[in-house]
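In the order they appear, the protein sequences are chains W and L. Mapping of the first sequence onto the numbering used here: position 168 corresponds to residue 168, and the numbering continues sequentially without gaps. Mapping of the second sequence onto the numbering used here: position 267 corresponds to residue 267, and the numbering continues sequentially without gaps.
Treat the hints with care, since some could be wrong.
Since copy identity is lost for identical chains, a pair holds within one copy or between any two.
[Unchecked claim] Listed next, the in silico EDC-like pairs over lysine to aspartate or glutamate satisfying Cα-Cα at most 20 Å (straight line):
id	residue 1	residue 2
1	K123	E82
2	K94	E244
3	K104	E139
4	K248	E103
5	K8	D114
6	K94	D255
7	K127	D232
8	K8	E82
FYI, nobody ran anything at the bench for these hints, they're computed from the structure. This one's a predicted model, so the numbers in the text were calculated from it and none came from an experiment.
2 protein chains.
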Amino acid sequence: MILIPKEKHVYSFGPNMKPVARAKPGDIVVFETIDALGGQIKDESDTIEKIDFSRVNPATGPLYVENAKRGKVLAVEILDIEIAGRGIVVTAPKAGVLGDKVEKPRTRICEIKDGTVHFGNLKIPVKPMIGVIGVAYDEEIPTGTPGRHGGNMDTNLITKGTILYLPVFKEGGLLAIGDLHAVMGDGEVCVSACEVSGRVKVKVDVLDGVLEWPLLETADAYYLLVSMEKLDDAIREGVELGVEALAKANGLEWDDAYMLASLVMDVEISQLVDPAKTIRVRIPKEYVSLEAFFKG
Amino acid sequence: MILIPKEKHVYSFGPNMKPVARAKPGDIVVFETIDALGGQIKDESDTIEKIDFSRVNPATGPLYVENAKRGKVLAVEILDIEIAGRGIVVTAPKAGVLGDKVEKPRTRICEIKDGTVHFGNLKIPVKPMIGVIGVAYDEEIPTGTPGRHGGNMDTNLITKGTILYLPVFKEGGLLAIGDLHAVMGDGEVCVSACEVSGRVKVKVDVLDGVLEWPLLETADAYYLLVSMEKLDDAIREGVELGVEALAKANGLEWDDAYMLASLVMDVEISQLVDPAKTIRVRIPKEYVSLEAFFKG
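Excised from the complex, chain W in its bound form (with noise of 0.2 Å):
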């Protein structure tokens, strides 16, 4: 097993990542991570105004995969997700969806014990997952903005025993994860999920197969995970390849595939917070493959 300390991490995903690790098609990696805010919130008294903004979102990585190369998909398995005892909660004026109707900055330390994160008085299950994961690409992309690499998606799906496919830009992929969150709601809306460091265990696979953004299996769905700044313009490229696919998987015209989709396929929201927002495309895996969504 590979495990990669926390020490290595990035802050973006870019055309000259250098591999601090090397694995193999198959091979089980651990990635030990930093929470999002850069382990620089000790108490509540350190809002995020006053933290050092280079040192938010690192990543830890990147994994060079070998057989990893642009045209091909990277599939990335999670098996497990281990979090902290204790998370972050942030906000400030103006984050998030209702930034403008917060006066000052706000940070609640929380306590995780016995599956839930202590709230107050409210205890909420926790379900631990990956803000952000991501690959190598073309241009630098800071770890806080998601895209066709992946990146800071916040989808709460990307989760124990769910595969991500991400597209391969560079050689060996280069994938670095982090920005583990132990809950968080679709939508994150205040800026911030529950904040936490932990470790992430994932099997690595490279696949033949051409994706135009990243790609979630579930137990009984794929999910088209596309981020754009407008809402409304990462709706149409999430549809319009989703209709694709359907046509693709079924055999159907275009025009079939669109009434289809309209019957069967759900548009989601991951994220509205981050530099890009993020919907996901839900396709039931009775309508499509896994190839379907591959292209050429």
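Given the coordinates of chain W, work out where chain L should sit on it, guided by the hints.
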């Protein structure tokens, strides 16, 4: 039991609706409904460009409910939805999320039997739901448009076993129901679901309280249903009301409720293709009560 036949229907929710039946709180009422195309589509050569649009989206009713008046809430528990054996899916140029890609109008007639919609070779399990359900409003709003009064919300959670709470604006509430769907994906991307005629059995009740938007109760959560022309505006409004309900239910300051919302509240999409778009804000029952959504 009160039955309202399909011949009694309206095409708008407005200030001057005339009741066609009366019920007391606690009564059970059956609404017989015409499909959203007004029963005008007979075969696949009938496209929506050929039909009379003044007969689209008929809603059966309105029902006068005693004690319902401005400042109260009408509770509509969906006891059962029976659907016909034949469903219609339509699309056309400019219709839906990808309307600019549709070259010509298309209609599909789908047989519905053994609990499935037959779409070509595919058998899609039925999930019957109500597209249009609303009450009299201060302005005249076509039944095809959703709003504070309900209307064409196209939320597939308005189904057997859920309770819809609607604000009351006019004496008697004046409830009307139509536009049943055999199945619909979140987003209703091509502009139609599998449109069917049928019968809806509901139990009506009147509660003390003031709602700003329709609210839906399922077994495990409450959903605010907000409809606006712009998706971002609907999301903002829904999140704002959700945060207020969380603050009220848990005795939290606004900032804390905003942070809690980011952990436990989901922003979801109902439909993207009506004259106003509809979003759902989901809050699990562990964190909120029905009364927390009532104003004043």
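- From the Cα coordinates, with 20 Å as the cut-off, is the pair K123 and E82 best called within, between, both, or neither? Only inside one copy: K123 and E82 sit 19 Å apart there, 40 Å across copies, limit 20 Å.
- Message: At most 20 Å between CA atoms: does that hold for K104 and E139 within a copy, between copies, both, or neither?
- Response: Answer is neither; intra-copy 35 Å and inter-copy 40 Å both fail.
- Query: Are the CA atoms of K127 and D232 at most 20 Å apart within a copy, between copies, both, or neither?
  - Reply: Intra 28 Å, inter 27 Å, cutoff 20 Å: neither.
- Message: Regarding K94 and E244, is the shortest C-alpha distance of 20 Å or less found within a copy, between copies, in both, or in neither?
- Response: For K94 and E244, only the inter-copy Cα distance (18 Å) is at most 20 Å; the intra-copy one is 38 Å.
- How would you label the pair K8, D114 (within, between, both, or neither) given a Cα cut-off of 20 Å? Neither way: K8 and D114 sit 30 Å apart in one copy and 57 Å across, limit 20 Å.
- Message: As a check of your reading, is K8 near E82 (CA-CA no more than 20 Å) within one copy, between copies, both or neither?
- Response: within (18 Å within a copy, 59 Å between copies)
- State whether the alpha carbon distance between K94 and D255 is at most 20 Å within one copy, between copies, both, or neither. Between. Shortest inter-copy distance 13 Å satisfies the 20 Å Cα cut-off; intra-copy 42 Å does not.
- Quick one: K248 to E103, C-alpha cut-off 20 Å, is that within a copy, between copies, both, or neither? For K248 and E103, only the inter-copy Cα distance (19 Å) is at most 20 Å; the intra-copy one is 51 Å.
Checked against the numbered hints above, the structure violates hints 3, 5 and 7; every other hint is satisfied.
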